[in-house]
Amino acid sequence: MVGITQYAQQELGDVVYVDAPAVGKALQAGKSFGTVESVKSVSDLYAPVTGSVTAVNGKLADAPELVNRDPYGDGWMIRIKLADAKELDELLDAKAYQALVESH
Amino acid sequence: MSEPLIFDRSVPGRRAVTFPASDVPATPLPPGTRKAPPALPEVSELDAVRHFTRLSESIYSIDKGFYPLGSCTMKYNPKLNDVAASLPGFAGLHPFSPEGGSQGALELLWQLEHILCEVAGMARFTLEPAAGAHGELTGMLITRAYHRHRGDDAKRRKVLIPDSAHGTNPATAAGLGYEVVEVASDARGGVDVAALRAACDDSVAALMLTNPNTLGLFDEHIDEIAAIVHGAGGLLYYDGANANAIVGRVRPGDMGFDIVHFNLHKTFSTPHGMGGPGAGPVGVVESLVPYLPVPLIARGDGRYSWRWDLPHSIGRVRAGYGNFGVLVRAFTYILANGRDGLEDISGHAVLNANYLLARLGELFDVPFDRRCMHEFVVSAKSLKAKTGVRALDIGKAILDRGMHAPTVYFPLVVEEAMMVEPTETETLEVLDAYADAMAAIVAQAERDPESLHAAPISTPVGRMDEATAARKPIVRWTGEAAN
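Each protein sequence line maps, in turn, to chains D and G.
Start counting the first sequence at 12; every next residue gets the next number (our numbering).
Start counting the second sequence at 1433; every next residue gets the next number (our numbering).
In short, the hints are calculated from the structure, not lab data.
Where a beta carbon is used, it is the ideal one built from N, C-alpha and C, also for glycine.
Where hints are given, some of them may not hold.
[Unchecked claim] Label pairs and their calculated CB-CB ranges: (1) G69(D) / H1780(G): 53 to 63 Å; (2) D1832(G) / H115(D): 31 to 41 Å; (3) S1635(G) / Y108(D): 29 to 39 Å; (4) S1635(G) / A96(D): 28 to 38 Å; (5) A72(D) / A1751(G): 36 to 46 Å; (6) H115(D) / R1629(G): 20 to 30 Å; (7) S1635(G) / Q39(D): 11 to 21 Å.
Modelling step: build the complete structure from the supplied sequences, incorporating the hints.
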């Protein structure tokens, strides 16, 4: 399941639109798979892993504010079927991410 | 908002004008025309006059007060420009007047074109494009035509754009089917030359560059940048959004640019219509003249004419020949200032910006510690961390003090960005009043941050709900009350 972080939603401000790919689309780790638009700016969404999209959160079309309200729950964006589970080792865990944000 | 829509004032049957009964036989409308009357508001003449007068009084403009909206060059537009544009020979001229009946207008356009050529260091200009973004589109169509003519278009699919650029640059390139490749900024705020070199190969169609850029910084590596892009066979496109910083002093052509657009409504003091008539003339170097839009103006045997025989032209980009009234205003402004005057304009624009940067630098973070050009960017990052007051709140709070907000959250490369462009037409007293107002807002943020989240409270419309406006926009009156 892929979305943006609490820190990201705070920095973006009120999210007004999420442009997500269609189910079945092949994604490549580190490449943009869509955009998130807030009242401040439009930002690319980057795929954390390689794989294909198996589901898209249809609720965001009518309620993009879910990304702000519940980024780790109802504000999810897409579900990806992993091509290589080993890629997960490359990602930060919550603690390391927090440290990265705080060092910023 | 206290002023209702004019539709809400409508009373069935009320009329501003009552026509006498027809004394000729009625003729039915041809088939295919409207069967029912349009749903126009039914109001009296006085209702309409009061409605629009009240709206006009709610508007903030440069004629009311300071308007340092970054990257917009909101300078004062001298009334002399309007006097010239209102002359009956100009104002009453029909766009399709025959050449013989519009020699004066053609002469004005010819002269304006050649002044712009001199200012930009270009061979020819088209005055047709109606706005800056329209100029960009025209310039990139010329780029595509050039590569096509050389049989190079199939492989030149990339347009390079720095990460500090205006959004219109990538939008223009993407709209023409190009792949947009972002080039990072370096620590000094200019184009990262190593990143540019890495991105440059024979797939590059052009680099679109604004110099000085949206950070108000002149790119110190422009010669090297031009050499790299030209070395790869690409063209250099100059976005003239910030030309007020260099007009009369530095020419884009001398920096190595191949295509230039100017925003006459910025640099040359014609009104910013907020979507109304603008002008974004495009100039090119000699080798690109064959691709310019038709018609071009020609001069021979003491008379002026339209020239249509340009087989490689991208074609016409606008009906008529540009927004003529706007072109008359820009021509008037240039003649009123003269050559030395243009140099003074950029000089004072840069001086005013640096003065305000020095004063605001005491209040906010300065992301790039350099002398700026005609505008600068400061950041509210530290203030936000300390008080929770953001750039948005500061922009709203300055409205309550009778002045216009800076551009906020742009460019994207600076957090909590506030972009300020005072222009050359403001006095020291105005600049000081603005800096004093900003200092008062910062003091208020430290004392009572909550009060700033509610700003503005004294304007005709208070804090807008921007999120709902973007999520559920109502862009057309449908007859149903909005709720």
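Verification of the hints:
1. G69(D) / H1780(G): 53 to 63 Å: Once the Cβ atoms are compared, 55 Å apart, the range 53 to 63 Å for H1780(G) and G69(D) holds.
2. D1832(G) / H115(D): 31 to 41 Å: holds, 32 Å
3. S1635(G) / Y108(D): 29 to 39 Å: holds, 36 Å
4. S1635(G) / A96(D): 28 to 38 Å: Check passed, 35 Å falls within 28 to 38 Å.
5. A72(D) / A1751(G): 36 to 46 Å: holds, 38 Å
6. H115(D) / R1629(G): 20 to 30 Å: holds, 29 Å
7. S1635(G) / Q39(D): 11 to 21 Å: Given about 20 Å between the Cβ atoms, the range holds.
Violation of the numbered hints given earlier is absent; every hint is satisfied by the structure.
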